[in-house]
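Novice: Protein chains in written order, with our numbering: chain B, 1 to 204; chain Y, 1 to 241.
Please keep in mind that the hints were generated in silico from the structure rather than gathered at the bench.
Check each hint, because a few of them may be wrong.
Taking lysine-lysine pairs in the DSS-like style, the calculated list, with each CA pair at most 27 Å apart, reads [to be verified]:
id, chain 1, residue 1, chain 2, residue 2
1, B, K203, Y, K187
2, B, K35, Y, K21
3, Y, K187, Y, K200
4, B, K35, Y, K181
5, B, K24, Y, K200
6, B, K35, Y, K104
7, B, K81, Y, K21
8, Y, K181, B, K203
9, B, K81, Y, K104
10, Y, K238, B, K203
11, B, K36, Y, K181
Read off the chains here:
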Amino acid sequence: MSMSLVQRFIRWCPGAAGFFLRQKYYPMILGSCGKKVIFGRFLDLTTPERISIGDHVILSNSVHIECGKDASNSSQIVLEKNVFIGTFCSLKAKKGGQIFIKDGANIGSCCSLQTETLLEVGEDTLLAAYCSLGLPAAEQNGATAEQAAGTRVGSACWLGVRVQQHTGTRIGNGSIIGAHASVSNDIPEMSIAVGHPAQVQRKR
Amino acid sequence: MNHSKIKSIQQQIGGGGTFQKYRSIATGMDRGIAFFLLNEMVIMLATSFPGMLGNKLRRLSYSLLCQEIGSTVHIGRECSLRRPQYITIKDGTRLGDGVSLDVKNDGKGIVLGKNVTVGHSTLFSCPGGIITIGEGATIGNYCRLGSLEGLTLGKNVTIDDASYIVGAGHAFDSLDIPIIKQNIVCKAPNFIGDDVVIGKRVTVLDGVTIGAGAQIKDDSLVNRNVPAAAVYSGVPAKKCD
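Construct the complete structure from the given sequences, taking the supplied hints into account.
Specialist: If you want it as structure tokens, here you go:
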């Protein structure tokens, strides 16, 4: 990615000085940016004019946020206020895809969120480390309509370590998905689901 | 079960002016401004310095800040040592690039024994208790090692890439409050015995003890104690035949 020397310096700069510079610089290139956002080092923001960041968001080091440069101009990534994105996370919205991370959500380290349609993570939801959302669906038949409707994680959920969620599925509000589970069907609200494929064990 | 007062990361970092927050994460409030400024200087000048010179510079600078740094320690580029006064790294240990040793507010410390190899981009997070890594351990890249009650690795433990030793879980008893706002809980400290081999992408939950010589295969989820010399695999991990 071509960057001027100044941009490279700001991206690299360690310590308090680095945080200060990035807090002043990134709002100038982003679509919109709230107050008191913390920008870590080594960020890669592709097509930043399509990225909106709310107040008090924290972007940890080495986060990669990528929006497509599609002709329809519908690709966008919106991080609402108080969202936390852990180190090495990757958010990719290509070919008109849109990613919405709602208020207060917490995305753990090394997570990967990708979509070409819609991906939404609800308010106050917790994603543990190494999760993958928006993985291609296992079966192809009848999946297209669901896939177009998008992948959603409800509010106040908790996805354990290394959970994989396939495209087109929904996880209801308040649900807990056990570590290493693979979600390929919808999960109802307030349930606890585990396994590969994830199956509801009980209600909370 | 230990219910800590720690909640989500947004609540941990929230509160206080920006400078206070930064200082409390970088060197903690128990050391003066001079220590903080020295740490800042080390970060600015030594963190990214390339080559052998960079390595020597980092080793020298951090020996001023840390509890103890052995004379043959290698610290890679872009490593991040938070609250260095609680970090001890013994001789012969090598930290890859981008390794993060993060002793948080109530953390007691991180101790890396002799001849430990830590892969790049691995994170040690200590929100409570002590992380002790025994001699000769080999830890892969992109791993996460946490501790709320304490994590102890024996000698010559091998942990392969992207594995996660989870320091704590979340309370979820209350149905009205989002889980992210409920307490962080930890069953017990984690103990990993001598000569244990942990594969790639393994998750070890809090409170688990893995006996000496045990082997955990790739992609497993360990939620119960593993006896010595056992071979476990699967989600959740069960004894292999």
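Novice: Hints first: check each against the structure and report whether it holds.
Specialist: Hint by hint, here is what the structure shows:
Taken as a hint, the B/K203 and Y/K187 pair is honoured in the structure, with Cα atoms around 23 Å apart against an allowance of 27 Å. With a C-alpha separation of about 16 Å, the suggested pair B/K35 and Y/K21 falls inside the 27 Å cut-off, and the hint holds. Note on Y/K187 and Y/K200: the hinted pairing holds, with a Cα-Cα distance of about 24 Å set against a maximum of 27 Å. With a CA separation close to 23 Å, the supplied pair B/K35 and Y/K181 stays within the 27 Å bound.
A threshold of 27 Å between alpha carbons decides the hint, and for B/K24 with Y/K200 the separation of about 40 Å lies outside it, so the pair is violated. Taking the CA atoms of B/K35 and Y/K104, the gap is near 25 Å; set against the 27 Å cutoff, the hint holds. A distance of roughly 18 Å separates the Cα atoms of B/K81 and Y/K21; the hinted pair therefore holds under the 27 Å criterion. Straight-line distance between C-alpha atoms of Y/K181 and B/K203 comes to about 20 Å, which keeps the hinted pair within the 27 Å bound.
Using a Cα cut-off of 27 Å, the hinted pair B/K81 and Y/K104 holds, with the two alpha carbons roughly 24 Å apart. For the hint linking Y/K238 to B/K203, the alpha-carbon distance of about 26 Å falls within 27 Å, and the restraint holds. Pair hint B/K36 plus Y/K181 holds up; C-alpha atoms about 21 Å apart against a cutoff of 27 Å.
Hint compliance for this structure: hint 5 is the single one not met.
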